[in-house]
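S.K.: Residue-level listing of the chains:
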Amino acid sequence: MSPRPGYVLEVDRSTPPVLFWNGEGYLLEKLPPERSRVIYPPDPLHPLEDPIAKIRHALDHPMGDSQPLETLLHPDMRLTIAFDDVSLPLPAMQAPDARQLVIEQVLEMAAEAGVEDVVLLAALSLHRRMTEAELRHALGNRVYNAFEPHGLLLQHDAEDPDGLILLGTTDHGEEVEINRRAATSDLLVYVNINLVPMDGGHKSVATGLASYRSVRHHHNAHTMTHSRSFMDMDHSELHSANWRMGRFIRESGVKVFQIETTLNTNAFPSQFSFLQRREWEWTPRDRAGFFASSKALALMGDRTRRTLFHSIKAPMQLTSVQAGEVEAVHQSTLTNVFDQQLVHVDGQTDILTMGLPYISPYNVNSIMNPILVACLGLGYLFNMYRGKPLVREGGVVIMRHPTPWAFNTTHHPSYIDFFEEVLADTTDPVQISKYEEAYATDPWYIQLYRTGHAYHGVHPFYMWYWCAHALEHLSSVIVIGGDRRAVKRLGFRPASTLDDALEMAEDSVGSQPTITHIRVPPLMMAEVS
Amino acid sequence: MSREFPFTKPVWPVQVPAPIPARSTGVYYDTSWSRSKLANRTRSVFVDNVLRPAIHLLARPSVEGAETLNLLDPPLIFVANHCSHLDTPLMLSVLPKRFREKVAVAAAADYFFDRAWKAHLFSLTLAAIPVERKRPDRTSARLAISLIEDGWNLIIFPEGGRSSDGWMQEIRGGAAYMAEHTGRPLVPVYIDGTYAIMSKGGSRLQPGSTKVTFGKPINHVGGEDARHISERIYQEFARLADESSSNWWEATKRAAAGTSPSPRGPEAAAWLRAWNLPSGSSDGASSRSGGNLQWRQHRQQ
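Protein chains in written order, with my numbering: chain D, 1 to 529; chain L, 1 to 301.
Heads up, a few of these hints could be off.
Said to hold, decoys possible - Sample of chain L residues with no beta-carbon within 12 Å of chain D, all distances over it, derived:
#, residue
1, P53
2, Y177
3, P261
To be verified - Derived lysine to aspartate or glutamate pairs resembling EDC-like cross-links, with alpha carbons at most 20 Å apart:
#, chain 1, residue 1, chain 2, residue 2
4, L, K9, D, D12
5, D, K30, L, E4
6, D, K255, D, D117
7, D, K295, L, E4
8, D, K54, D, E112
If you're looking for bench data, these hints aren't it; they were derived computationally from the structure. Ideal Cβ placement from N, Cα and C applies to all residues, glycine included.
Excised from the complex, chain D in its bound form:
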């Protein structure tokens, strides 16, 4: 029997309170009856029964005009295997990671073919460098121990003048500059984890292995406001730019063998299974688990709570593997992602509510600072739609998150200055771009990005650009339970309770507004008719 599809529950007086995430915690909220609805994601898909065999099959039977991987490998070649960084999947999956499973198979084939020159390359783009523990988790100890000690496990450096190569300029004037090792290899194998529809395709190489000089052409306010949404490839300017650049890379002679994997949405281990179960299906064990964990979390300090949550490894499993030519692979991957995540929803709503969890792609093992709160809510969750946004134009988004005025100084140094300096001046995504170059070229931020574990200096701008479409679309954004100063700095309105927030929202959308709550995670994508 196939897993249950997503569900849209119309709230009535007997509907139990609904789970809202609240950062490193969660609570139950009662939504107004007769005008609220809750969107539940589909149940996790069944995993592949024999993932290793499926991976081998995908490598042997590639899609598009690609030849089987085995025939592309020969002894005197330069082979580079690039892979997605720590931002995927979320939360980190239980070992073995999908990247490990795939890379081990690719390496076994390379070994059989007698390939000597092999380099593994973490496709960081402008993200922070991965730690040893994170690399070991993604690749497995066997791969890590075989490559890292010999300098064959590299992390892409978007600011290394010697490690980049300018391939040229697209007909739209976009400079295409990517990792030199990848571009000069006889074969570049890229191993993806496609958690959301935005991931993968030409974006893997054109963004993941690109320099700031190249990324800036599509990571900007203009692109993001013209991507409706950037999770819907056919209506995404972000994707259009990446596809242009990806095709340019191919025409420049870079041979890419793309491997994309999809995972099911088993986001939490059994002790937290209530977090992805619909409330009316909660068993006594679920209710006891919710109650006990809520109370225990309330007694913990911030650091302990954060450590606890970030130690959670999701029991996600592979649902599909595609390999071969980039575009053919990605089309098939998208079908599988939508199979897992798509929920059909009738019509838009006046108010969209969401409880934001403890994690976003950019704060793995880190603090979810206010900028990332905004990005998760307005960048990611708002944009998880196809067709029309869940909330109508001029509507309101209500997010719940503690939104602490707190930053990880190692991971997010430029975020601190961005928050203090740029957002203090303006929250308009177009206006902030005047500060971008100064942050992107700041030698100190570049130094921290290249040698430490810091995100690139320009990264907080991108997070804000990510919100551009939502900020343009909405009349107001309200944050419940957040640090009031931090929320105001973001340009949002703070509220103490959901009732207060709904009352405040009525100023913008009128009385008796319709409300839609998205019950995430696990992730879902709304197809709004």
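Guided by the hints, dock chain L onto chain D, whose structure is given.
M.R.: Same frame as chain D, but now just chain L:
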């Protein structure tokens, strides 16, 4: 402490189709574990040391006709009238040991097996097996037949539930069906007095005396259908009920003449049926309060 979710069970939304209930309770409950050696031994200790002493204190049973069982070999199908929850423990208490040691009790699947804890409890303590009584279902009949064929005695209440007024109800065909398919004898047992101690819907126990009368075994005759067997069971119940309130000889004569009083009581209003209930079956509470009533005193004279 709040009385709302999550402290209470969530309400299932009306718009969401309810799932098909898990088939681990009711008639689908697997009772095989309760017939293991360990469970049998446990039950035997419980029945001999707890249940029987308690029943003898509470219900002071007297037994008639049990000697006829000495002529019979197990397995037997005991069919009894049913007007109280005490009937099963009483039966287990008065059955001779050679039958008691390996006896299963047919119990309503919708009442005794609707919750896992109840199913576990009654399977262990009474060797209960679930019987579907609200709709035709072969699962329970097949289980009962297989147990009889495996040498288990069976206690069954062919009325399908407790009487609400102390009088017998119509007899259903389940017992006859089992006799027809196993060839084993049916032994009618008339229980008198438990209604007064613990009636259906009664809120408390009223200790009293009971009488258990074993009838003549009814053997399935080749070609006889279940409907006819049920009729013979009913006639024997009528005789036993008469014997219980008079004596064997009088009851036997009336049975031979076809004039046994109906154990189902008069076709009359509820109060008249209660009025005419045999004294041994009458509610203890009514007897006490009725003791001061002139009409009651007249009736008892």
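S.K.: Hint by hint, say whether it matches the structure.
M.R.: Hint check:
no., hint, in the structure
1, P53, "36 Å, holds"
2, Y177, "36 Å, holds"
3, P261, "52 Å, holds"
4, K9/L - D12/D, "16 Å, holds"
5, K30/D - E4/L, "11 Å, holds"
6, K255/D - D117/D, "16 Å, holds"
7, K295/D - E4/L, "17 Å, holds"
8, K54/D - E112/D, "19 Å, holds"
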